[in-house]
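**Q** Letter by letter, the chains look like this.
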Amino acid sequence: MKRITLPLDARFEAWRNEARAALAEGVAPDRVEWVVPDPEQSELFASEALPVLQGEQVPAARASEPVGHPVGHVTKAALVMLRSILRHHDPARFALAYRLLWRLQSEPALLAIATDPDIREAARMEHQIRRDMHKMKAFLRFREAIPEGGEEEGGRRHFVAWFEPENYILESVAPFFAERFSDMDWLILTPIGSVLHERGKITFDTQPCTPPAMQDDVEALWHRYYQSIFNPARIKTKAMRSEMPTKYWKNLPETRLIPQMLADAEKRVAAMVALQNDGSAPGFHERHQAEWARREEASRAEKAALDGLPALGHALSSCQRCSLCRFATQVVTGEGPEHAPLMLIGEQPGDQEDLQGRPFVGPAGQVLDRILGEVGIARDEVYLTNAVKHFKFVSKGRRRIHQTPDRNEIVACSPWLEQEITLVRPRLIVTLGATALQAFEGRVTRLGVTRGRVRQDHGRPATLATIHPSYLLRLPDPQRAQEEERRFVEELTMAKDWLRTG
Amino acid sequence: MKKTLAARLEILSDAAKYDASCASSGARSKKKPGEEGLGSKAPNGICHAYTPDGRCISLLKILMTNFCIYDCAYCINRSSSKIERTRFTVEEIIWITLEFYRRNYIEGLFLSSGVIRSSDYTMEEMVRVARELRLTHHFHGYIHLKTIPDAAPHLIEEAGLYADRLSINVEMPTEAGLAAYAPEKDAGHIRQSMGSLRLRIQEAGDRTLSGRKARRFAPGGQSTQMIIGADRSTDQDILRSSAALYSGYALRRVYYSAFSPIPDASVALPSQAPPLLREHRLYQADWMVRFYGFSFEEIVAERQDGMLDLELDPKLAWALQNRAQFPLDLNRASREMLLRVPGLGPRSVSALLSARRHKVIRLEDVERLHVSLRKIKPFVVTSDWSPGRLIDRDNLAASFRPQPRQLSLL
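From first to last, the protein sequence lines stand for chains A and B.
Residue numbering for the first sequence follows numbering that gives the first Met the number 0, beginning at 0 and increasing consecutively.
Residue numbering for the second sequence follows numbering that gives the first Met the number 0, beginning at 0 and increasing consecutively.
Source of the hints: derived by calculation from the structure; they are not laboratory data.
Heads up, some of the hints might be wrong.
Simulated crosslink set (EDC-like; lysine to aspartate or glutamate; CA at most 20 Å straight-line) [as the list claims (entries may be wrong)]:
no., chain 1, residue 1, chain 2, residue 2
1, A, K136, A, E178
2, A, K302, B, D185
3, A, K249, A, E295
4, B, K2, A, D216
5, B, K81, A, D277
6, A, K495, A, E295
7, B, K184, A, E295
8, B, K1, B, E131
9, B, K358, A, E120
10, B, K374, B, E363
11, A, K395, B, E335
12, A, K266, B, D263
13, A, K200, B, D185
Some chain A residues close to chain B (C-beta under 7 Å, calculated; not the full set) [said to hold, decoys possible]:
no., residue
14, R179
15, D182
16, L186
17, A269
18, N276
19, H287
20, F326
On a predicted model such as this, the values are computed, not experimentally measured, just so you know.
Ideal Cβ placement from N, Cα and C applies to all residues, glycine included.
Using the sequences and the hints, build the whole thing.
**A** Right under this line is the structure:
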């Protein structure tokens, strides 16, 4: 049996020296005993005990170890884990780390097997260390140390904190405090040493400290806040204790208020419930209500004064003819000159149109813009609208997936479309896609049969059916998409020519 | 006589506590090495204290003022309430934020406000707090600003430049609920504001055509809150709204806040204890969607009254109602399916997937991952375990419900 003695607070470097030697000698983990000197004994025999800390056996292996010859091998990830668990307070970490090191030599995949008992134990230690670090960042409280004779002119402010970490994490958390509190000087005292931050420089000391006696006036303000932000109608002390375990309470002065806060809670809630409003209100309430009434009246008058397309847009904005208004962001009304000769009707707004409140601004809109440009039709001379004015979608996690509107929705929305047609009185209407065609015709019509020619029914504007630009985006075969785009361009050119000559 | 700072802090934090959000997550530190100034950001946020209501204190959550021109029934600050009114100056808010921050009490500031004079005036004052914290005091901590929906676009733009997170509360799960309780508010306006925030946040995340980073805009994203139990919305209504909010406005979080009695409450409201368990179940359902790949619809699909089962966690309830999909072989099932097993979380699923490439999973392996065997056993198969007909037993659901307690006669 090989006995290796390490001090209780030994870190990775000290352990590594010993572990390397043991591994070079080929000593199996069950042949090594990792010993931590009893603190009382080491105090009694301090002078004798100290040299022993460097390893009980004569380090023959280390002496014979050829320089530059690596002893054992571990991956970077394994090294990170070993470094990490050697910050744990449990003396069993030395043996566990050596066992892991030993096993890693013949089991390179060990780290991936989270269900392995040793890996599990290492993960537990790592988790506790992370939590300890996190809680130190959370629960450490600074108090201001005002130097005697008042503050120095333009000097940095000084703060002192006391914290009791469970593991050897001072070196690991110090950078966090240094970054966050870079413009002040601070000193963190703990039972396992201290960290001093002075003019941007960090100094560690392993000398154990005791809690300082200090006062800070701002603390009273913090306590006032702590009491007021608490809602006495919700008591969930279990949730509180699981996140802020009672072991931390002794260094969190605000927790001393908790018993009284809980004791008063019921009374405070009862008082609130008893204080149901009696119908009276402060004086300014009347004034505000009058102001709201005035604003509403003003906006009603403004609306009443509207005429033509703006009046239509206004009426549309509160449409609830079908259920699509429940989840869409807004109504997307048509856009374009009041008497445009050409009207394009699409299907419905998409994700981008719904957010921006304008038709044809999403991917399909960009395709349309490009092709209009190619054909030579100016977008701002066209009236653009949709058969259905609210976006229909299903939510899929973080995305909204477009849904084709059904017959009821098309029918519910058709009066709006008719009003738009009546107001704009276009000479030619181009329906884009099957939904627009259906909305315009009032019945299901096959696009394949109808498309590509100008039709004139008695008493109705001339119309031409073609595809929706989004169809081009959905075609997986590029050759097919090219072919369809060519037809789309042809049909829009036909519309343009008809307007010029017809 | 003017109230002391402490007295005003008491009033204006008391008035702010009905907002559940306190998260300080999602923002990254921008401080370059050697750059001066106070503060930094922790990517996952830090909770500096917890109060006995189970909520964390991460940010200094206060109102600038509790005067308000709105009269929303559910709100403690509505204009018809006779609560004590007061306000902070911009300088006072800054001072408290910095002094609290230096003592490590908080991660930053969550500033909200009653609306006074006009939306623009109120927003302007709030933006001034954020601007001065950043520019005059070089504060790098977290700033969350509540956004006034109809404030001018240039004010929202500036708010996004200095704040890490912006939020607008939808308040009620349905439009009808909002119309009933907040007659002066407009659900459409709120959605439009969230829509334009989403567009701005995304734009700021993209690179511009010249490859430069776009102007900063709320890198911590946006969030919102719904009040639960004040109106008659069912859980299904609520979850449907959440689905639309998450998918439409790229929200980081939707907060559910159980309605709790407020002083001088409007008679329109229930004066009962807040439905905390219901709130908890909604958060669990929300979690299932955000981290377990469920859709909101399927979580309540089988519930006739549209309410989540209060006795069972929704993931277990879903599994019990979809037993045909189980048992799953832990040695073969996909990640997507494993995430649907009651008792397994993303971490244990990753551990299983990684481990099973190197060894055959047995029940003891599962136990070592600190997974509750009682919960998982009916739903899984391992090399040494098969639930047999356990999964089909009629009383399986009952075995997971809390034991009925006999009523005491005394």
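**Q** Now look at each hint and say whether the structure bears it out.
**A** Evaluated hints:
1. A:K136 to A:E178: holds, 12 Å
2. A:K302 to B:D185: Holds, at roughly 17 Å.
3. A:K249 to A:E295: Not OK: K249 (chain A) and E295 (chain A) at ~57 Å, beyond 20 Å, violated.
4. B:K2 to A:D216: Since the Cα atoms of K2 (chain B) and D216 (chain A) sit roughly 18 Å apart, the hinted pair holds (cutoff 20 Å).
5. B:K81 to A:D277: Within the cut-off at roughly 10 Å; holds.
6. A:K495 to A:E295: Given that 20 Å is the threshold and the Cα spacing comes to 45 Å, the pair is violated.
7. B:K184 to A:E295: Cα-Cα ~12 Å, so holds.
8. B:K1 to B:E131: Answer violated: K1 (chain B) to E131 (chain B) is near 25 Å, above 20 Å.
9. B:K358 to A:E120: holds, 18 Å
10. B:K374 to B:E363: With Cα atoms ~14 Å apart, K374 (chain B) and E363 (chain B) stay inside 20 Å; holds.
11. A:K395 to B:E335: holds, 15 Å
12. A:K266 to B:D263: The hint holds at about 15 Å.
13. A:K200 to B:D185: Roughly 54 Å between the alpha carbons, so the hint for K200 (chain A) and D185 (chain B) is violated.
14. R179: holds, 4 Å
15. D182: holds, 5 Å
16. L186: Nearest chain B Cβ about 13 Å off; hint violated.
17. A269: violated, 9 Å
18. N276: holds, 5 Å
19. H287: holds, 5 Å
20. F326: holds, 4 Å
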